[in-house]
Structure formats: C-alpha cells, structure tokens
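> Here is what each chain is made of, one letter per residue.
Number of protein chains: 2
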Amino acid sequence: MMNKTELSMNDFIGIVNKKLDEFFIIQYPEDLFKSMKYTVMLPGKRLRPVMCLESCRIFGGNYLDAIPTACAIEMLHSQTLIHDDLPCMDNDDFRRGQPSNHKKFGEATAVLAGDALLTFAPQIILKYSDNLSDETKLRVLNEYFQYAGAYGVIAGQVVDIESEGGKITGSLDDTLKYIHLHKTSDLFKLAIRTGTIIAGADDEKLEIMTEFAEKLGLAFQIADDVLDEISTFEALGKTPGKDKDAGKLTYVSLYGLDNAKCKLACLFDECYDIFKKYDIDSQVFIDIIEGIKQRVKI
Amino acid sequence: MMNKTELSMNDFIGIVNKKLDEFFIIQYPEDLFKSMKYTVMLPGKRLRPVMCLESCRIFGGNYLDAIPTACAIEMLHSQTLIHDDLPCMDNDDFRRGQPSNHKKFGEATAVLAGDALLTFAPQIILKYSDNLSDETKLRVLNEYFQYAGAYGVIAGQVVDIESEGGKITGSLDDTLKYIHLHKTSDLFKLAIRTGTIIAGADDEKLEIMTEFAEKLGLAFQIADDVLDEISTFEALGKTPGKDKDAGKLTYVSLYGLDNAKCKLACLFDECYDIFKKYDIDSQVFIDIIEGIKQRVKI
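Protein chains in written order, with this note's numbering: chain Z, 1 to 298; chain D, 1 to 298.
Check the hints yourself; a few may be wrong.
Identical copies go unnamed one by one, so any copy, or any two together, can satisfy a pair.
Unchecked claim - Calculated pairs, SDA-like style, for lysine to any residue (alpha carbon to alpha carbon, straight line, at most 25 Å):
#1 K127 - Q146
#2 K177 - Y28
#3 K215 - Y28
#4 K248 - D269
#5 K127 - R139
#6 K18 - K45
#7 K242 - E107
#8 K177 - G241
#9 K37 - T175
Just so you know, the hints here were simulated from the structure itself, not pulled from any lab data.
Produce the complete structure using the sequences and hints provided.
Structure (structure tokens):
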C-alpha cells in the first residue's frame, strides 16, 4: 500500500509544496491572499510538515490523511515568521533570501496576512480531513490551539523579546530553556504529535514522540543560534549576527560556541537513543538530524 | 427553566463580563496574558456575545451552552481592535477611553497578544462546551474560522486600508459595501449564527438570522461612520474625526450625513420587518437597535 511505503524526505517535500500551492486560491482582496501565500511558498525545508507526515507513517497511518494538518502547521510556522520579521519585533528585511513580507506588501498587510493564516490554517484541517473522525479532528485542533497560542509558540516569542530588553525575572538558564522549549520545540511537538495522533497511536507512543520532539526542537534552536554566529547571509537567507547585535539571549551568548556545539551533539545522541530504545525506524528523521549536523559542522 | 426565561441586555452583559474575567488566568509570561485580558476587559457594550446568547435563547436553546462561544467572539472582536489600533494600521492611542493596547504594553506585545487571542478564543470554545456534541463543536469552529479570517473580517480590514491609500479597483459603492459587510457584519453574523446553531435551529431559521445579522451589521457600521463625524472623544472613547482625516471611505464621506442617517433608519426598519414576518420576539435586539438610534439621534 502506498501509505506504508517509506517515502524520502524529498518525496514529502514535493508533496507538501504541491498541496500548499493548491490550498491558496488567490481571490479578492488579492493582496491579502498573495501576501499569505508569499511567505508560505518561499523555498524552505518544510521540516515541520515532513515531521508530521513521517510521524504518521512511522505508526502505520496513511500519510495522506495527515496532509491538511501538515500543511496547516507550515502555514502557522510562516505566520510566526511574518510577524517575527516586523519592524516592532526582529525587524528583518529578508527571509529565506527574499524580501520579508512587510517589505514586499507593507506592514499593515503583513500583520493582517499573519492574522489570517492563524485561522486559515485550522480551517484547512477542517475542510480537507474527510478521512478523520470528528473526534480526531477535534483532538488535532486542540493540539493546534495549545501549541500555536498563548501557552505555546507565542509565550516563547514574548519571553524572547523581553530577554532582549533585559526584562528577565527568573534565572538566565531557565529563561533560555523556556524560550527554546516554546519558541521552537512547541511547533515540532505540534507536528510530531498530530502525525502520531492521526496514525491512531496510543498514549505511550505519543509520550515517546513528544519527548523526541522536545529534544529535536531544542537541538534545532541551538543550531540556529550557532548559525547566527558563524554563518553568512547567503547560507542563512537572512541577516546573520542579528541575535548578537540585539543582545539576544541565545545558547551561544550564554554558554559560548563550544558548549553550544557540545550540547547539540548530546541532544542528537539522545534523539537517536529514543528511536533505538523503542525500535523506531525512520530514514527521514535521520536525514533531518544529519542535515542539521552538516550545517553546523559537528 | 432558567434558559427559557427572558434575560435582559444587562443580565447578559453581567454574565459575559464575569465569564470573560474567569477565562483569563494570568500566568507566565504575565505581560502576554495581561495584555490579552486588558483590551477584552475594557468596558464595552458586549454587543456580539449578547447577540450570540440571545439568538440561542430565541430558538429555545439554553444560553448557558453558548457562553464559551459568546465569550470567544468578544475575544476575537478585541483582537481586531488591538491590531486595528497599531501604528501601521489606524494608529489610535485610545480605545474605549483608555490607552490602546500598544500604548500600554508596547507594539511587539500588542501584536503577539492579538495573535494569541486568535487561537485562545476557539480553544475556549473547545475546552468549555461540554454540552455540545462533537458535530456542533466542529460547526461552531467552522463558523469561527470562516468569519474571523481571510474570507471574513480580515478581508474587510484589508480593503478598508487599501481604500485609505486610494488603491481601489472596483466602484466606490461596491467597495464600501464590501468593507462594511466583512469588517462589521461578519462578526455580527458569526455571533448570531453560532447562537442559532447551538440552539439547534434549522437551516431556514439560520438563513433568516443571517440576513438579519447582515442588515444589523451594516446599520451598526453606518452608525459608527456617523458618530465619527458628529461625536466627541468623551462619547466615543476614541479620537473622533479620524476617518475624515485619513480620507477613509465611509458611508458619510461617500453619500453625506443626511443620506447616511436615512439609510440607517431604513436598515433598522428592515431588521424589525424580519422579526415581525417570522414572529421573532426579542426585547434584547430591540434594546440594541434603539440604543444605536439614540446615539446617532435618529
């Protein structure tokens, strides 16, 4: 059966790109839909949707059932990028090597396109998930609300911004961990958990994958901190060194570059250990991890 | 039975205010939750949640079942106010007589608080609507996504902003109608439709109430345009004359003050006609309509 066949990272990326393109039908007011689609369709690695589809496949689900959810998570991710790039936030003029959304469409449209994506994404889940039961749809939406909002990625972003302004009340270590857990791991958890839920896996498997997602997310964010320090505009597609200039709290600023690389290697080992312990076999997740390792040269 | 008793406008407002206060539990990061709660709890007429509860009551539903949805719609409405007031949008420093959200919490937090409300609101529906079937929950969420997003209130806001910049492609009449229908009527439709759906009313009744909501929303927006022209800061709680200064497309700017008042009276008559024709008895909606009439002195 098609769903049980192991698909490669590139297969999944191709499927996600095709469906994302299809889900956005440009209509009046065109600037709004074009702006929403623009950032979503910038060339990206599609890590989160691929993780969602692969998690579904790992546990014997039909990855086709997870496509609307996977695409919705990429839309949500794009929403966070659009608003993060705004002048009042990280003020970045470039994203994935192209003008950021507000540079292309203006600030007002960028704010509204981000807003629109936040409800467009779960609407896609509802509209196209015919094969999911009502109960599963509600579970998936619940995950979306939990990790997208005030308890998830936005909480991480708020503390991240506060850290720039020096408005930190707790310890630096705890604050950094909080930022990374919410700003990055929460979207990884959302992708991996929903894929696992759609496959119909039990709670024990869901817990295992949640732990895996948390570690992978932390690793990804530390890699991002490292790249901001060592990389170029060409490799990043956005301005490097911005975290440092902004006095941002990052793994590198707090513990130094060597410790960051060391922690990163450690987290990847722990990710592999989880898969080994529970006999989970996934070339796609191996490719994701090895891809990050290669970028940061560890 | 409690649900069948007719409650007054003020009864409903009291219930909504109490529940809204309860739904926001301030937790870390406190600035985020405080900012979300701040605009929601500013003293307001609670028109949309009251309409939702009353629509549920009209068709024999238990209004208690509609409370989470009613409160979610008020949160969504507050979200639109927070983002509308931003410097890149209407740039208003005041809202309901108090500093607007970004003046109080800063622009970055205001953007993120608005974002958070967009998923916090439907999460409240999911979390507290124990008495609704899964099917009804999904129907209500579907309405929320439809009217909150790119097909609803945000589409209206985008065209509204384009109209300020003179970027209008169609006729002025059609564009103004589009703005009013989406920017204002869509949230009225969301409130009234979800209340009607929760009551279990049939599709015919849903259509009637949708038509009613559309007319009431148009009237409300025209009244808003009139008030911007004739009212004071004290009465409005925000800066009057802003639409005119911004060269905004409004009913008054396009057709003049007298025609606006005339159209308003006409729309209210049509609202009453619908209720009369279908034998719908609602003191709450009468109070809402008469309240608006009094403010604009027609």
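> A separate judgement is required for each hint: does it hold in the structure or not?
Hints, verified against the model:
| no. | hint | verdict |
| --- | --- | --- |
| 1 | K127 - Q146 | both (20 Å within a copy, 11 Å between copies) |
| 2 | K177 - Y28 | between (43 Å within a copy, 14 Å between copies) |
| 3 | K215 - Y28 | between (42 Å within a copy, 22 Å between copies) |
| 4 | K248 - D269 | neither (27 Å within a copy, 59 Å between copies) |
| 5 | K127 - R139 | both (15 Å within a copy, 11 Å between copies) |
| 6 | K18 - K45 | within (14 Å within a copy, 46 Å between copies) |
| 7 | K242 - E107 | both (20 Å within a copy, 20 Å between copies) |
| 8 | K177 - G241 | within (21 Å within a copy, 48 Å between copies) |
| 9 | K37 - T175 | between (34 Å within a copy, 23 Å between copies) |
Checked against the numbered hints given earlier, the structure breaks only hint 4 and satisfies all the rest.
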